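S.K.: Build out the structure end to end from the sequences listed, making use of the hints.
There are 4 protein chains.
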Amino acid sequence: MSGINKVILVGHLGKDPEVRHLEGGVTVASFPLATSETFNKDGKRVEQTEWHNIVLWRGLAEVASKYLQKGKLVYIEGKLRTRSFEDKEKVKKYVTEVVAENFTMLGRKSDFEPNAPTNGNSSNINNKIEDDFSTSIDETGDLPF
Amino acid sequence: MSGINKVILVGHLGKDPEVRHLEGGVTVASFPLATSETFNKDGKRVEQTEWHNIVLWRGLAEVASKYLQKGKLVYIEGKLRTRSFEDKEKVKKYVTEVVAENFTMLGRKSDFEPNAPTNGNSSNINNKIEDDFSTSIDETGDLPF
Amino acid sequence: MSGINKVILVGHLGKDPEVRHLEGGVTVASFPLATSETFNKDGKRVEQTEWHNIVLWRGLAEVASKYLQKGKLVYIEGKLRTRSFEDKEKVKKYVTEVVAENFTMLGRKSDFEPNAPTNGNSSNINNKIEDDFSTSIDETGDLPF
Amino acid sequence: MSGINKVILVGHLGKDPEVRHLEGGVTVASFPLATSETFNKDGKRVEQTEWHNIVLWRGLAEVASKYLQKGKLVYIEGKLRTRSFEDKEKVKKYVTEVVAENFTMLGRKSDFEPNAPTNGNSSNINNKIEDDFSTSIDETGDLPF
DNA sequence: TTTT
DNA sequence: TTTT
Numbered sequence: 001m002s003g004i005n006k007v008i009l010v011g012h013l014g015k016d017p018e019v020r021h022l023e024g025g026v027t028v029a030s031f032p033l034a035t036s037e038t039f040n041k042d043g044k045r046v047e048q049t050e051w052h053n054i055v056l057w058r059g060l061a062e063v064a065s066k067y068l069q070k071g072k073l074v075y076i077e078g079k080l081r082t083r084s085f086e087d088k089e090k091v092k093k094y095v096t097e098v099v100a101e102n103f104t105m106l107g108r109k110s111d112f113e114p115n116a117p118t119n120g121n122s123s124n125i126n127n128k129i130e131d132d133f134s135t136s137i138d139e140t141g142d143l144p145f
Numbered sequence: 001m002s003g004i005n006k007v008i009l010v011g012h013l014g015k016d017p018e019v020r021h022l023e024g025g026v027t028v029a030s031f032p033l034a035t036s037e038t039f040n041k042d043g044k045r046v047e048q049t050e051w052h053n054i055v056l057w058r059g060l061a062e063v064a065s066k067y068l069q070k071g072k073l074v075y076i077e078g079k080l081r082t083r084s085f086e087d088k089e090k091v092k093k094y095v096t097e098v099v100a101e102n103f104t105m106l107g108r109k110s111d112f113e114p115n116a117p118t119n120g121n122s123s124n125i126n127n128k129i130e131d132d133f134s135t136s137i138d139e140t141g142d143l144p145f
Numbered sequence: 001m002s003g004i005n006k007v008i009l010v011g012h013l014g015k016d017p018e019v020r021h022l023e024g025g026v027t028v029a030s031f032p033l034a035t036s037e038t039f040n041k042d043g044k045r046v047e048q049t050e051w052h053n054i055v056l057w058r059g060l061a062e063v064a065s066k067y068l069q070k071g072k073l074v075y076i077e078g079k080l081r082t083r084s085f086e087d088k089e090k091v092k093k094y095v096t097e098v099v100a101e102n103f104t105m106l107g108r109k110s111d112f113e114p115n116a117p118t119n120g121n122s123s124n125i126n127n128k129i130e131d132d133f134s135t136s137i138d139e140t141g142d143l144p145f
Numbered sequence: 001m002s003g004i005n006k007v008i009l010v011g012h013l014g015k016d017p018e019v020r021h022l023e024g025g026v027t028v029a030s031f032p033l034a035t036s037e038t039f040n041k042d043g044k045r046v047e048q049t050e051w052h053n054i055v056l057w058r059g060l061a062e063v064a065s066k067y068l069q070k071g072k073l074v075y076i077e078g079k080l081r082t083r084s085f086e087d088k089e090k091v092k093k094y095v096t097e098v099v100a101e102n103f104t105m106l107g108r109k110s111d112f113e114p115n116a117p118t119n120g121n122s123s124n125i126n127n128k129i130e131d132d133f134s135t136s137i138d139e140t141g142d143l144p145f
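Protein chains in written order, with full-length UniProt numbering: chain U, 1 to 145; chain G, 1 to 145; chain S, 1 to 145; chain B, 1 to 145.
Hint data in this document are derived by calculation from the structure and do not stem from the laboratory.
Computed from a predicted structure; not experimentally measured.
No residue lacks a Cβ here, since even glycine has one placed at the ideal position from N, Cα and C.
Be a bit skeptical, because a hint or two may be false.
DSSO-like cross-link-like pairs, simulated, lysine-lysine; straight-line CA separation at most 30 Å [as the list claims (entries may be wrong)]:
| no. | chain 1 | residue 1 | chain 2 | residue 2 |
| --- | --- | --- | --- | --- |
| 1 | B | Lys15 | S | Lys92 |
| 2 | B | Lys66 | S | Lys92 |
| 3 | G | Lys90 | U | Lys6 |
| 4 | U | Lys70 | G | Lys70 |
| 5 | U | Lys6 | S | Lys66 |
| 6 | B | Lys79 | S | Lys92 |
| 7 | S | Lys92 | G | Lys72 |
Some chain G residues near chain B, calculated using beta-carbon distances under 8 Å [claimed, not checked]:
| no. | residue |
| --- | --- |
| 8 | Ser2 |
| 9 | Ile4 |
| 10 | Phe85 |
| 11 | Thr104 |
| 12 | Met105 |
M.R.: Right, here's the structure in full:
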């Protein structure tokens, strides 16, 4: 009859959410999310990061744009959706996104003060202790989307 | 630190699993899986189907190739992986797949006898009656789940 | 900060849903759900069944009481809740329940016609043939999922 | 055929893992895990905490005892199991547990240094910034198990 | 108490 | 390309 299409992610935002307002007043937000996995390969600790395109609609988009920021840790629940689009050269392409159905902020409370500035190398005492997630993203910079 | 990357699907196979044997003897199987969602739009019942690329490795690939067939209902648990490849025109493309970590067959037992032919409109009486063939599965006894 | 408390089950109802109407007009439904696991132990196929107490509230309770029946296969998503109560002898006891947040009917469509009688060994021909009654469901059109 | 019995939790340990070694050398670890949910009730922010009995076996128990500690944030995936036992007065009781199948440590890296001392009111600089989760547990002290 |  |  019906089916199940469910995605559960816990990871860090690669960028601040990007918010757009469509005609009709609908809000959409999106951001890349990194989920990392570490495993041993030939006795060495290897980290593999997977990047996900997260899309949020309406009220969820507005909450996300208010509370989520680059580097923050979030739990996201949603569904997979593959859509096609035309790139600049009019070539048809496909992209798979995770359409969020709800999310929960994880980590320290201080990480989620609304309206806090996002300076990558902030000297904010609360950010100081965090691991160096954000800078390493800036360096590699090769999000596949 | 670490993250979570989990996908849970319940849907029907769009095709029989396609099995390949890589150099080194590693088996890979893949198939498209459809998850359907029905909702009301302007008083009308609309069905929206999402297609997922499922990939299975090693032992899981072998079990899948033995028991799963076009049309069957399965529960699949896995993780998202986006990989790039070059198409025939040497254009770099991305595809997102669900790498299965385990699966469970749902539905009637008769749907899962190994080696059964896949005729779309089969009039095989066994497909209409539940609980048939259960003994033959008991006899082979090698269902690893 | 916040947490995640999520349960995902696919199993068969052990009984028809039991519906109660609380003061204030709130509807609650509940039923036992069996999830079975089979594994090999000393070369023998062993089945282990786990029973879950499922509880549904309000609209979800009403839909469940209309469509779910003893023996049917369902996907249930919800959260764990342990509550205390006093038994007949005034002894404090604890019970853990799965409070359903949504559910999806799996299996053949004919399994889910509303108001069908529940005779365990029914010889009703409609239970043997797939795809029957589909139009009658289309006509009523009020399946909210 | 088969079923699905899956639990996904993100929460904080209420106590250090308790490790036991059974005859035959099997290791079992267990601890209470709190998942909190906050919602608005009559305009006020209410927090509701659910406690879960987590049980881990063998290698997973050993890893847990090494890395997990009271107050730490973890993602746990497992299955529900209700078992009966006799209490001191020989009364038969039931308890529902989450048998962990894997777990992932979340939060700051410094939270998971192995062998770190667990003093509730530690003056360890890394613990200082944490929110006051641990003390509030000590005060209420009413774990239902 | 279900189902396969 | 599946299924209901």
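S.K.: Which hints, by number, does the structure contradict?
M.R.: 2, 3, 4, 7 and 10
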